[in-house]
Amino acid sequence: MNKRKITKVLVANRGEISVRVQRTCRELGLATVAVFSEPDRIALHVRTADEAYPLPGSSPRETYLDQGKILDIAKRAGADAIHPGYGFLSENAAFAAACRERGVVFIGPPPEAIELMGEKTQARARMERAGVPIVPGTPPLKSREETAAEAARIGYPVLIKAAAGGGGKGMRRVEKPEDLAAATDACRRESSAAFGDDRIYLEKYLEEPHHIEFQVLADSHGRVVHLNERECSVQRRHQKIVEETPSPLMTDDLRRRMGAAAVKAAEACGYVNAGTVEFLVDAARRFYFLEMNTRLQVEHPVTEMVTGVDLVERQIRVAEGAALEAGMPAARGAAIECRIYAEDPGCNFMPSPGTVRTLVVPGGPGVRDDSGIYEGFTIPMEYDPLLSKLVVWGEDRRRALARMVRALQEYRLTGVRTNIRYLERIVRHPDFVKGEYDTHFIARHQDALLRPEGDGPDVPTLAAAAVLAWLEDEKRAAAPPTPQAGMSAWKRAGRPGGGEG
Amino acid sequence: MKTYNVVLDGAAAEVGIQPLSGGRYQVVIDGTTYDVDARTVGADFLSLIVDNRTRDLALSPNGGVWELHGKDRRHHLLISDGRRKAWLRSGAGSGPAGPAVVKAAMPGKIVQVEVKEGDRVAPGSGLLIIEAMKMENEIRSEGTGIVRAIRVKPGDAVERDAVLIEIDPAE
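Chains C and B supply the protein sequences, listed in that same order. Those letters in the first sequence? Residues 230 to 730, by our numbering. Those letters in the second sequence? Residues 2 to 172, by our numbering.
This is chain C alone, in the form it adopts within the complex (with noise of 0.2 Å):
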């Protein structure tokens, strides 16, 4: 491969991601070009980048996912270099494909790679081949009979995926025979409106599974690299929500072990760029390869965190065509994340957009929050409600975890609901703290991670509260009632009726 200069990147993104990526890009010195729907003009990763085109519309499908507009814009605005972040293009085949058409360097793995793991089954039958241990499954079902008798024979509990997902989207659980159609149709709709696909398969449920992955970096001169495991098993309906490295699974030797079966995994599919295998490990640590990310991953910052690798510069590096060091640093202490979302977990999770009313974020050592939103900012509903990651360092998982504790009760986030208590109690629950769980924690602790908000009244709130009161009336005396408009927190909360009921 030709080595190639890169000089301006196009981040093909949003949010939290396009922030990050944009962050190393300005490290080493390279333009930075966002794109931006209707409802993102004012988004953060609008306002960090150094030039910034709209993609007309609001749904993904006329914007991010637009492949025509954003190579337009690429051209436009003389990008040399794409960054498709993670979700939208980062793992279409096509789009990197287009890419080295129009002479952009697409930063990310070759499109052949892409689609060969992409389609889940076809990776799933490329690595048994390579002699990559794989979960009981099957190729893409079409009608609903099909799907039917082969989750009779693979034996319920079945998972439905999507045969061009990632992510968790789409995926259902099935426990019984009569609930297999609807969540056939159900995860068929949910793939067709994240993917344009709306093919599904099945695979065998894996009871109590640990969900681990490995990093990958792979050079196009053929040297392939692992940095370790992340431990990705606090999920709630398949969507990973903590994660951290060392796994507490984890042994030298199923590092070992598991480790040179990503890299077999890389060299198998002809991998270049930084890529992510995902395994299911069982109790007895039997490991089956689940699939792999072609792309970035959401929580890689874990893995920076405990090796000090830039994953973004490597990408670029890699995609400039330079050749990987030979060793990679070595991994130092533990590093957890969590997710922070715009969600009411006291109303079944469910999205919370609004105006970002005070955000307050911690600092101090060793603590990394990769954000894509600030004070003031309405979090629009067209997206993932993902509002930031957190994450922190520490010598040893006991300090990582007092760290998180610490971090997340800075953090002040009001005018939308987040999770940030529900995190803290999943960060203190003692089977996390002892480091004994899988991906049925959330599931099988939910009445103690649910508990009611609301800590019980004390001498210092009950304080507060008649201070409260005496300033509210006196605001009340000074100033007759005018529109809520530009009002105070001080003046608004006198108003009953308005919010939910």
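If you're looking for bench data, these hints aren't it; they were derived computationally from the structure. Among the hints, erroneous ones may be present.
[Stated by the list, open to error] Taking CB as the label site, the calculated pair distances span:
{"hint": "1", "chain 1": "C", "residue 1": "A323", "chain 2": "B", "residue 2": "D73", "range": "46 to 54 Å"}
{"hint": "2", "chain 1": "B", "residue 1": "D169", "chain 2": "C", "residue 2": "E604", "range": "40 to 48 Å"}
{"hint": "3", "chain 1": "B", "residue 1": "G11", "chain 2": "C", "residue 2": "R515", "range": "23 to 31 Å"}
{"hint": "4", "chain 1": "B", "residue 1": "P170", "chain 2": "C", "residue 2": "G593", "range": "51 to 59 Å"}
{"hint": "5", "chain 1": "B", "residue 1": "I147", "chain 2": "C", "residue 2": "G425", "range": "37 to 45 Å"}
{"hint": "6", "chain 1": "B", "residue 1": "Q27", "chain 2": "C", "residue 2": "P283", "range": "51 to 59 Å"}
{"hint": "7", "chain 1": "B", "residue 1": "A158", "chain 2": "C", "residue 2": "P283", "range": "51 to 59 Å"}
{"hint": "8", "chain 1": "B", "residue 1": "Q27", "chain 2": "C", "residue 2": "E604", "range": "28 to 36 Å"}
{"hint": "9", "chain 1": "B", "residue 1": "A171", "chain 2": "C", "residue 2": "G297", "range": "24 to 32 Å"}
{"hint": "10", "chain 1": "C", "residue 1": "E665", "chain 2": "B", "residue 2": "K110", "range": "35 to 43 Å"}
[Unchecked claim] Keeping only pairs whose Cα atoms sit at most 25 Å apart, straight-line, the calculated DSS-like set for lysine-lysine is:
{"hint": "11", "chain 1": "C", "residue 1": "K304", "chain 2": "C", "residue 2": "K234"}
{"hint": "12", "chain 1": "C", "residue 1": "K704", "chain 2": "B", "residue 2": "K3"}
{"hint": "13", "chain 1": "B", "residue 1": "K117", "chain 2": "B", "residue 2": "K72"}
{"hint": "14", "chain 1": "B", "residue 1": "K104", "chain 2": "B", "residue 2": "K117"}
{"hint": "15", "chain 1": "B", "residue 1": "K110", "chain 2": "C", "residue 2": "K398"}
{"hint": "16", "chain 1": "C", "residue 1": "K298", "chain 2": "C", "residue 2": "K237"}
Beta carbons are placed, not taken as given, at the ideal position from N, Cα and C, and that holds for glycine.
The hints should help you fit chain B onto chain C, whose structure is shown.
Relative to chain C, chain B alone:
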């Protein structure tokens, strides 16, 4: 000394307050008088020192209820000034008389309506599926009843608090 009735995290309490100078107050809680130093910080924060114990609260008004966000504590606060009744709410849903109204907890798009008028629903029965922020969420019935009216159809975009379904409660 002025007295207020408050409801803090569901517990009713009476607090007395006498302002002194420069952000200082005397506050009476349960017959005990405390010296309180309370300062507003910006528009949305209250910093308190009570007997050298600090409490730093972000204030978030939410429809007559204050949400107080402390470091490791969260509270819900209702205030009555004596001239009005405390804005106590009768819990979720509507009163015992009229139909129960199922509202959208957020803006979104209706994907599917799973019931029709006249259907009998039980707690946990699926009513409809709403999509917001790329996720499908199923709205389930909280009680037993008969579906009286359906106000939306698949494809509709709904605002927060839009009425989706009305249900006549049944025994």
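**Asked** Holds or violated: are the alpha carbons of C/K304 and C/K234 at most 25 Å from each other?
**Response** holds, 17 Å
**Asked** Using the C-beta atoms of B/I147 and C/G425, is the stated range 37 to 45 Å upheld?
**Response** holds, 40 Å
**Prompt:** When you check the alpha-carbon spacing of C/K298 and C/K237, does it fall within 25 Å?
**Reply:** Cα-Cα ~18 Å, so holds.
**Message:** With the threshold set at 25 Å, check whether the alpha-carbon distance from B/K110 to C/K398 stays at or below it.
**Reply:** holds, 18 Å
**Prompt:** Taking 25 Å as the top limit, are the C-alpha atoms of C/K704 and B/K3 close enough?
**Reply:** The hint holds at about 15 Å.
**Item:** Hinted pair B/K104 and B/K117, Cα distance within 25 Å
**Value:** holds, 17 Å
**Prompt:** Quick one: are C/A323 and B/D73 within 46 to 54 Å, going by C-beta?
**Reply:** holds, 49 Å
**Outcome of range test on Cβ distance (B/A171, C/G297; 24 to 32 Å)** = At roughly 55 Å between Cβ atoms, C/G297 and B/A171 fall outside 24 to 32 Å, so the hint is violated.
**Item:** Verdict for B/Q27, C/E604 (Cβ pair) under range 28 to 36 Å
**Value:** Between B/Q27 and C/E604, where Cβ atoms are some 34 Å apart, the hint holds.
**Asked** Is 40 to 48 Å a correct range for the gap between the Cβ atoms of B/D169 and C/E604?
**Response** holds, 45 Å
**Request:** Could you tell me whether the CB distance from C/E665 to B/K110 stays inside 35 to 43 Å?
**Result:** With Cβ atoms ~40 Å apart, the hint holds.
**Request:** Could you see if the CB distance from B/A158 to C/P283 stays within 51 to 59 Å?
**Result:** This hint is violated: roughly 22 Å between Cβ atoms.
Hints 3, 7, 9, 13 from the earlier list are contradicted by this structure; the remaining hints agree with it.
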